[in-house]
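Following the hints, position chain C against chain D.
Residue-level listing of the chains:
Number of protein chains: 2
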Amino acid sequence: MNDMRQMTSLGRAIEEASFAIVDAEAGDHSFSPAEWQVVRRVIHATADFEFKSLLRFQGDAIGSGIAALERGCPIVVDVKMIEVGLNAHRLAAYGCHTHCFISDDDVMREAKMAQETRAVMAMRKANDLGLLRGAIVAVGNAPTALLEIARVVREQSEAPALIVGVPVGFVSAAEAKDAITKLDTAAIVSLGRKGGSTIAVAVIHALLKLSAEKP
Amino acid sequence: MNDMRQMTSLGRAIEEASFAIVDAEAGDHSFSPAEWQVVRRVIHATADFEFKSLLRFQGDAIGSGIAALERGCPIVVDVKMIEVGLNAHRLAAYGCHTHCFISDDDVMREAKMAQETRAVMAMRKANDLGLLRGAIVAVGNAPTALLEIARVVREQSEAPALIVGVPVGFVSAAEAKDAITKLDTAAIVSLGRKGGSTIAVAVIHALLKLSAEKP
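Those protein sequences? They're chains D and C, same order as listed. Numbering-wise (my numbering), the first sequence opens with residue 4 and increments by one. Numbering-wise (my numbering), the second sequence opens with residue 4 and increments by one.
Don't read these hints as lab results, they were simulated from the structure. Take these hints with a grain of salt, some might be off.
[Claimed, not checked] Listed next, the in silico BS3-like pairs over lysine-lysine satisfying Cα-Cα at most 30 Å (straight line): (1) C:55 to C:83; (2) D:212 to C:83; (3) D:83 to D:128; (4) D:83 to C:115; (5) C:115 to D:217.
It should be emphasised that the depicted structure is a prediction, and the values quoted were computed from it without experimental measurement.
Chain D extracted, bound-state conformation (with noise of 0.2 Å):
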């Protein structure tokens, strides 16, 4: 529904009169403008005010982030909701490609053999394949998948270009967003439990639009 050329007259209209109505409400904040445009993006997709206190902005965010996009880095993902989500005409559109592991058979196999989670063995395949380096990577659901990304981070220097640290959960996943902001890497997290696959495509299109919108 992000796609600008796929939205109906009347899908931007409700797009736009919707955006409008966040910021009005959302009174003020000292949100660089292009910050804002994440914010307020990830409160159109939740209707949920919370997130302009909860959302960090963790070195060059939206610089990098947006640079990533324009260079077709690879965007890994730890569920196929943010994969599916993601405005796959606008991603292609700058050679990017989705990555998801988590329903792979190897991956669900070694996790069993492991004991360890689906999502961290994903992650760890994606490290495998060198995906990582200069990556936008999304977590939108695992909190032991950022854990594995801050630990990749921390102990193989791959640092991707930009971490967008949004799982939503009661056990790990604040933990699992504080050890993204003990890092040096480029980040977007939500602080807390809150988050989701829905905040981390609405990051990803805020980046792609501020992108389109360059002057």
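Showing chain C alone in chain D's frame:
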């Protein structure tokens, strides 16, 4: 991630610990035990306890939804994120198929011609194909899709077995859900602006689990 057969033991342990936290923090409520399985799974998927006061069960929502699944009903959804978030293995075991028409070429073409949203035309296509009667219809994204479903039920008595009306949005979302609450159809809605595809997935997964655990 919700297919127990596909979850690792660690994944299962995390899920169980998460639900225990939800139960402990949620406090008192007046939901039936079966309804609570739905509400707690939505809270688990969002970390947002406000859904405890937003979710409404209309008619015999749980019973009607479970019976429809066990009949192998069509599952008509507004966006692909719901389709891909649903556990395909579990649904296949019931003989259920998902239907999502929003990206179909004819839907996109006709939406532009009719000056309607793609979501509306997608629901019209489902209706034209006779898929709505006895179906579970799940709307997580597009209020206009839910308004169209309400219109079809009012005007054609094409009653779905269950409407999962949880679109998120600032324009028309609350109104669309109100329109559903005026019908006699069994429904689960999230009042107000909040909702989303992850909420729709959580509701249907809760119904699948309730069916699997029936005595």
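Each hint tested on the structure:
Pair hint residue 55 of chain C plus residue 83 of chain C holds up; C-alpha atoms about 26 Å apart against a cutoff of 30 Å. Restraint check for residue 212 of chain D and residue 83 of chain C: the C-alpha separation of about 21 Å stays at or below 30 Å, so the hint holds. Proposed proximity of residue 83 of chain D and residue 128 of chain D is supported: the alpha carbons are some 16 Å apart, at most 30 Å. The straight-line distance between the Cα atoms of residue 83 of chain D and residue 115 of chain C is roughly 29 Å, inside the 30 Å bound, and the hint therefore holds.
For the hint linking residue 115 of chain C to residue 217 of chain D, the alpha-carbon distance of about 28 Å falls within 30 Å, and the restraint holds.
Violation of the numbered hints given earlier is absent; every hint is satisfied by the structure.
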